[in-house]
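J.: Letter by letter, the chains look like this.
There are 2 protein chains.
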Amino acid sequence: MLPEFKDIEKAARRIEGFAVKTPVLESPKLNAITGGRILIKAECLQRTGSFKFRGAWNMISKLDARKTPGGVVAYSSGNHAQGVAAAAQIKGLPALIVMPADTPMIKQENTKSYGAEVVTYDRATQSREDIAARYVKERHAVLVPPFEHADIIAGQGTAGLELAEEVAARGIGLDDVLVCCSGGGLTAGVALAMAELQPQALVHSVEPAGFDDYARSLKSGRIETNPRASGSICDALMSVAPGEMTFAVNRRLLGEGLVVSDAEAAEAVRFAFEVLKIVLEPGGAVALAAVLAGRIATKGKAIGVIASGGNCDPGLYARILTRAL
Amino acid sequence: MLPEFKDIEKAARRIEGFAVKTPVLESPKLNAITGGRILIKAECLQRTGSFKFRGAWNMISKLDARKTPGGVVAYSSGNHAQGVAAAAQIKGLPALIVMPADTPMIKQENTKSYGAEVVTYDRATQSREDIAARYVKERHAVLVPPFEHADIIAGQGTAGLELAEEVAARGIGLDDVLVCCSGGGLTAGVALAMAELQPQALVHSVEPAGFDDYARSLKSGRIETNPRASGSICDALMSVAPGEMTFAVNRRLLGEGLVVSDAEAAEAVRFAFEVLKIVLEPGGAVALAAVLAGRIATKGKAIGVIASGGNCDPGLYARILTRAL
Numbered sequence: 000m001l002p003e004f005k006d007i008e009k010a011a012r013r014i015e016g017f018a019v020k021t022p023v024l025e026s027p028k029l030n031a032i033t034g035g036r037i038l039i040k041a042e043c044l045q046r047t048g049s050f051k052f053r054g055a056w057n058m059i060s061k062l063d064a065r066k067t068p069g070g071v072v073a074y075s076s077g078n079h080a081q082g083v084a085a086a087a088q089i090k091g092l093p094a095l096i097v098m099p100a101d102t103p104m105i106k107q108e109n110t111k112s113y114g115a116e117v118v119t120y121d122r123a124t125q126s127r128e129d130i131a132a133r134y135v136k137e138r139h140a141v142l143v144p145p146f147e148h149a150d151i152i153a154g155q156g157t158a159g160l161e162l163a164e165e166v167a168a169r170g171i172g173l174d175d176v177l178v179c180c181s182g183g184g185l186t187a188g189v190a191l192a193m194a195e196l197q198p199q200a201l202v203h204s205v206e207p208a209g210f211d212d213y214a215r216s217l218k219s220g221r222i223e224t225n226p227r228a229s230g231s232i233c234d235a236l237m238s239v240a241p242g243e244m245t246f247a248v249n250r251r252l253l254g255e256g257l258v259v260s261d262a263e264a265a266e267a268v269r270f271a272f273e274v275l276k277i278v279l280e281p282g283g284a285v286a287l288a289a290v291l292a293g294r295i296a297t298k299g300k301a302i303g304v305i306a307s308g309g310n311c312d313p314g315l316y317a318r319i320l321t322r323a324l
Numbered sequence: 000m001l002p003e004f005k006d007i008e009k010a011a012r013r014i015e016g017f018a019v020k021t022p023v024l025e026s027p028k029l030n031a032i033t034g035g036r037i038l039i040k041a042e043c044l045q046r047t048g049s050f051k052f053r054g055a056w057n058m059i060s061k062l063d064a065r066k067t068p069g070g071v072v073a074y075s076s077g078n079h080a081q082g083v084a085a086a087a088q089i090k091g092l093p094a095l096i097v098m099p100a101d102t103p104m105i106k107q108e109n110t111k112s113y114g115a116e117v118v119t120y121d122r123a124t125q126s127r128e129d130i131a132a133r134y135v136k137e138r139h140a141v142l143v144p145p146f147e148h149a150d151i152i153a154g155q156g157t158a159g160l161e162l163a164e165e166v167a168a169r170g171i172g173l174d175d176v177l178v179c180c181s182g183g184g185l186t187a188g189v190a191l192a193m194a195e196l197q198p199q200a201l202v203h204s205v206e207p208a209g210f211d212d213y214a215r216s217l218k219s220g221r222i223e224t225n226p227r228a229s230g231s232i233c234d235a236l237m238s239v240a241p242g243e244m245t246f247a248v249n250r251r252l253l254g255e256g257l258v259v260s261d262a263e264a265a266e267a268v269r270f271a272f273e274v275l276k277i278v279l280e281p282g283g284a285v286a287l288a289a290v291l292a293g294r295i296a297t298k299g300k301a302i303g304v305i306a307s308g309g310n311c312d313p314g315l316y317a318r319i320l321t322r323a324l
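Residue numbers (numbering that gives the first Met the number 0), protein chains in the order written: chain A, 0 to 324; chain B, 0 to 324.
Calculated directly from the structure, the hints in this document are not laboratory data. As the structure is a computational prediction, the values presented were derived from the model and not from experiment. Hints may contain errors.
[To be verified] When the alpha-carbon atoms are kept at most 27 Å apart in a straight line, the in silico DSS-like pairs for lysine-lysine are as follows:
{"no.": "1", "chain 1": "B", "residue 1": "Lys-136", "chain 2": "B", "residue 2": "Lys-61"}
{"no.": "2", "chain 1": "A", "residue 1": "Lys-20", "chain 2": "B", "residue 2": "Lys-300"}
{"no.": "3", "chain 1": "B", "residue 1": "Lys-61", "chain 2": "A", "residue 2": "Lys-111"}
{"no.": "4", "chain 1": "A", "residue 1": "Lys-298", "chain 2": "B", "residue 2": "Lys-111"}
{"no.": "5", "chain 1": "B", "residue 1": "Lys-298", "chain 2": "A", "residue 2": "Lys-28"}
{"no.": "6", "chain 1": "B", "residue 1": "Lys-20", "chain 2": "A", "residue 2": "Lys-298"}
{"no.": "7", "chain 1": "A", "residue 1": "Lys-111", "chain 2": "A", "residue 2": "Lys-61"}
{"no.": "8", "chain 1": "A", "residue 1": "Lys-20", "chain 2": "A", "residue 2": "Lys-61"}
{"no.": "9", "chain 1": "B", "residue 1": "Lys-111", "chain 2": "A", "residue 2": "Lys-20"}
{"no.": "10", "chain 1": "A", "residue 1": "Lys-300", "chain 2": "B", "residue 2": "Lys-90"}
{"no.": "11", "chain 1": "B", "residue 1": "Lys-5", "chain 2": "A", "residue 2": "Lys-300"}
{"no.": "12", "chain 1": "B", "residue 1": "Lys-9", "chain 2": "B", "residue 2": "Lys-20"}
{"no.": "13", "chain 1": "B", "residue 1": "Lys-5", "chain 2": "B", "residue 2": "Lys-90"}
{"no.": "14", "chain 1": "A", "residue 1": "Lys-28", "chain 2": "A", "residue 2": "Lys-9"}
{"no.": "15", "chain 1": "A", "residue 1": "Lys-9", "chain 2": "A", "residue 2": "Lys-66"}
{"no.": "16", "chain 1": "B", "residue 1": "Lys-20", "chain 2": "B", "residue 2": "Lys-300"}
{"no.": "17", "chain 1": "B", "residue 1": "Lys-28", "chain 2": "A", "residue 2": "Lys-90"}
{"no.": "18", "chain 1": "A", "residue 1": "Lys-28", "chain 2": "B", "residue 2": "Lys-61"}
{"no.": "19", "chain 1": "A", "residue 1": "Lys-111", "chain 2": "A", "residue 2": "Lys-66"}
{"no.": "20", "chain 1": "A", "residue 1": "Lys-20", "chain 2": "B", "residue 2": "Lys-298"}
{"no.": "21", "chain 1": "B", "residue 1": "Lys-298", "chain 2": "A", "residue 2": "Lys-111"}
{"no.": "22", "chain 1": "A", "residue 1": "Lys-28", "chain 2": "B", "residue 2": "Lys-90"}
{"no.": "23", "chain 1": "A", "residue 1": "Lys-218", "chain 2": "A", "residue 2": "Lys-90"}
{"no.": "24", "chain 1": "A", "residue 1": "Lys-111", "chain 2": "A", "residue 2": "Lys-5"}
{"no.": "25", "chain 1": "B", "residue 1": "Lys-28", "chain 2": "A", "residue 2": "Lys-61"}
{"no.": "26", "chain 1": "A", "residue 1": "Lys-90", "chain 2": "B", "residue 2": "Lys-5"}
{"no.": "27", "chain 1": "B", "residue 1": "Lys-136", "chain 2": "A", "residue 2": "Lys-298"}
{"no.": "28", "chain 1": "B", "residue 1": "Lys-136", "chain 2": "A", "residue 2": "Lys-90"}
{"no.": "29", "chain 1": "A", "residue 1": "Lys-20", "chain 2": "B", "residue 2": "Lys-28"}
{"no.": "30", "chain 1": "B", "residue 1": "Lys-20", "chain 2": "B", "residue 2": "Lys-111"}
{"no.": "31", "chain 1": "A", "residue 1": "Lys-9", "chain 2": "B", "residue 2": "Lys-28"}
{"no.": "32", "chain 1": "A", "residue 1": "Lys-90", "chain 2": "A", "residue 2": "Lys-9"}
{"no.": "33", "chain 1": "B", "residue 1": "Lys-20", "chain 2": "A", "residue 2": "Lys-28"}
{"no.": "34", "chain 1": "B", "residue 1": "Lys-90", "chain 2": "B", "residue 2": "Lys-61"}
{"no.": "35", "chain 1": "A", "residue 1": "Lys-28", "chain 2": "B", "residue 2": "Lys-9"}
Excised from the complex, chain A in its bound form (with noise of 0.2 Å):
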């Protein structure tokens, strides 16, 4: 079953008291530079650091602890894991998460800081849906996917429905949104969210060169994967391919897909860094960079921007603020 608009009006229910309603930010200066009103919905500020809490939140809430004593398992290159990992605590259910050995430490111990089992794998060699696979047998566990599930992609979009109603209450008719997309559940919520409540805006999800795939398969109007499977510094951002019940949703809903370096990424990391003073992860900075990088046009537009994390291990964003990379 695809999500729908009231799935997401229903998890803005679920996670109020929960979730942190994010503000949504406005620079005098980011917007001298454009031309244009650039919203930026904080999802940095958001628990556990990202956007990810939302859908965690959405879909564990609804479990019957009684029912389900083996907890949750997830996988995740970090975001995920932490949403997962704290959902979990205030449920007061065990949470098993699989990560990638290379995953930023920060995200590693911020996971553990939640009461998780983290358990890791290698990214070339390992599959991580057979790992947490097995362990969902073994302790007849909750799999909490990382987009493909109404509930993740509705919880998601909240932080859209949050950002239209704000942008309304200021008057404000957004003419483009751009999300950072890895496997597409943000973009697929918000993008539900915005068809109901700013239908004019056109959204368009924004990833890594290299990592393009949403990009590629909304041209081509098929599921396509990347090549590669990690070598970003945006290592929020690099699933595999669309997932179907994402790319279902974001097919019929997308614009055009927009692509980043990793160059223009660390670039609005450190705008962020210096003129919006919020702490951004590369990923998480990609829908501002294209914002910086001319990816779409700005003038006289009002354009949501979803700032989607903050988990930046503090050494990469050091070498990223002294252009050390």
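Dock chain B against chain A, hints included.
T.: Same frame as chain A, now just chain B:
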């Protein structure tokens, strides 16, 4: 004439649409650590990256541009400089800013980016007041003081007014409010707002060790000066002594002054990076540092924290993150 609460209300109307109504952030993790509710007024997200734009615009917007062709002059270690420069640019007035030669480069560059002329001086041997006074006379310009002016104090007080209104909307009564303090303008403005809107709240100045002139002045009941004029990573908080006007307000309204070490300020900068995902400069992080370092009881309490600015040199920030200070 000392500023009163009604001046803050007038200032709030004046800055509307020019200053950012900055969000009040609350972190489940920080609340869990402290056992209280910590409400962070994120003034790093303010126009020009600190609260200083509020007071500058409150004063400068009232000037008659035709009667002040010589524009404005200010002396500042950096954040006031940027606030004055941005306000003057909006008003269409020339601005000349006298800055210490050891001011972080980002603050000098940002000041120039708002169209201001920057003149540097040696903190150890020259008087910034004398240099500024000479330019004021030569150019028939208006001096915009960093804190000793009712319009400046009232403008900064709008940060306190917004915090008080926001926590009231969330049904919270504040027990304490911690304010990063240098000359005492922000502290005085916040204290005036709280005395009216959250009268049960005790307001505390927070200063870096070695620059605790306010803490000592509050204790002795008279204006005390600092032995040094430089030597802390909190470059925004190195004024020599409380202002006479700010002290007249603050001695009546403040609780005990709190003091944190540079290491504790750096730890708070890292916490803001890792958990809150906002960029704070060391001087803008001392109020948060006082909470994290246990300078005040937090268990079961609601504590307002003004995170006053985020204009940190990238190199210094990188060294703080990697503990290479």
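J.: Are the hints correct? Go through all of them and say.
T.: To see whether the hints hold, each was checked on the structure:
The suggested pairing of Lys-136/B with Lys-61/B holds, with an alpha-carbon distance near 20 Å, which does not exceed 27 Å. The hinted pair formed by Lys-20/A and Lys-300/B meets the criterion: a straight-line CA distance of about 22 Å does not exceed 27 Å. Distance restraint check for Lys-61/B and Lys-111/A: the Cα-Cα separation of roughly 54 Å exceeds the 27 Å cut-off, and the hinted pair is therefore not satisfied. Distance restraint check for Lys-298/A and Lys-111/B: the Cα-Cα separation of roughly 25 Å lies within the 27 Å cut-off, and the hinted pair is therefore satisfied.
Proximity of Lys-298/B to Lys-28/A is assessed by CA-CA distance (about 40 Å); at most 27 Å being required, the pair is judged violated. A threshold of 27 Å between alpha carbons decides the hint, and for Lys-20/B with Lys-298/A the separation of about 24 Å falls inside it, so the pair holds. A hinted pair counts as satisfied when its Cα atoms are at most 27 Å apart, and Lys-111/A with Lys-61/A qualifies at roughly 23 Å. Between Lys-20/A and Lys-61/A, the direct Cα distance comes to roughly 20 Å. Compliance with the 27 Å bound is thereby established for this hinted pair.
Proximity of Lys-111/B to Lys-20/A is assessed by CA-CA distance (about 36 Å); at most 27 Å being required, the pair is judged violated. For the proposed pair Lys-300/A and Lys-90/B, the alpha carbon gap of about 25 Å is at most 27 Å, so the pair holds. For the proposed pair Lys-5/B and Lys-300/A, the alpha carbon gap of about 38 Å is over 27 Å, so the pair is violated. Simply put, Lys-9/B and Lys-20/B have alpha-carbon atoms about 15 Å apart, close enough for the 27 Å limit, and the pair holds.
Annotation: proposed proximity of Lys-5/B to Lys-90/B holds, straight-line Cα distance about 24 Å (limit 27 Å). As the CA atoms of Lys-28/A and Lys-9/A are separated by approximately 37 Å, the hinted pair breaks the 27 Å bound. Distance hint between Lys-9/A and Lys-66/A is fulfilled; the C-alpha atoms sit about 23 Å from each other, no more than 27 Å. Restraint check for Lys-20/B and Lys-300/B: the C-alpha separation of about 25 Å stays at or below 27 Å, so the hint holds.
Proximity of Lys-28/B to Lys-90/A is assessed by CA-CA distance (about 16 Å); at most 27 Å being required, the pair is judged to hold. A hinted pair counts as satisfied when its Cα atoms are at most 27 Å apart, and Lys-28/A with Lys-61/B qualifies at roughly 23 Å. For a cut-off of 27 Å, the pair hint linking Lys-111/A to Lys-66/A stands: about 24 Å separates their Cα positions. Using a Cα cut-off of 27 Å, the hinted pair Lys-20/A and Lys-298/B holds, with the two alpha carbons roughly 24 Å apart.
The hinted pair formed by Lys-298/B and Lys-111/A meets the criterion: a straight-line CA distance of about 25 Å does not exceed 27 Å. Between Lys-28/A and Lys-90/B, the direct Cα distance comes to roughly 16 Å. Compliance with the 27 Å bound is thereby established for this hinted pair. Distance restraint check for Lys-218/A and Lys-90/A: the Cα-Cα separation of roughly 41 Å exceeds the 27 Å cut-off, and the hinted pair is therefore not satisfied. With a C-alpha separation of about 34 Å, the suggested pairing of Lys-111/A with Lys-5/A is violated against the 27 Å cut-off.
The hinted pair formed by Lys-28/B and Lys-61/A meets the criterion: a straight-line CA distance of about 23 Å does not exceed 27 Å. At roughly 47 Å between alpha-carbon atoms, Lys-90/A and Lys-5/B are farther apart than 27 Å, so this suggested pair is violated. At most 27 Å may separate the alpha-carbon atoms for a hinted pair to count; Lys-136/B and Lys-298/A exceed this at roughly 42 Å. Simply put, Lys-136/B and Lys-90/A have alpha-carbon atoms about 67 Å apart, too far for the 27 Å limit, and the pair is violated.
For a cut-off of 27 Å, the pair hint linking Lys-20/A to Lys-28/B stands: about 16 Å separates their Cα positions. Taken as a hint, the Lys-20/B and Lys-111/B pair is honoured in the structure, with Cα atoms around 25 Å apart against an allowance of 27 Å. With a CA separation close to 26 Å, the supplied pair Lys-9/A and Lys-28/B stays within the 27 Å bound. Restraint check: the Cα-Cα separation between Lys-90/A and Lys-9/A comes to about 18 Å, which is no more than 27 Å; the hinted pair holds.
Distance hint between Lys-20/B and Lys-28/A is fulfilled; the C-alpha atoms sit about 16 Å from each other, no more than 27 Å. Using a Cα cut-off of 27 Å, the hinted pair Lys-90/B and Lys-61/B holds, with the two alpha carbons roughly 9 Å apart. For a cut-off of 27 Å, the pair hint linking Lys-28/A to Lys-9/B stands: about 26 Å separates their Cα positions.
Violated hints for the displayed structure, listed by number in ascending order: 3, 5, 9, 11, 14, 23, 24, 26, 27, 28.
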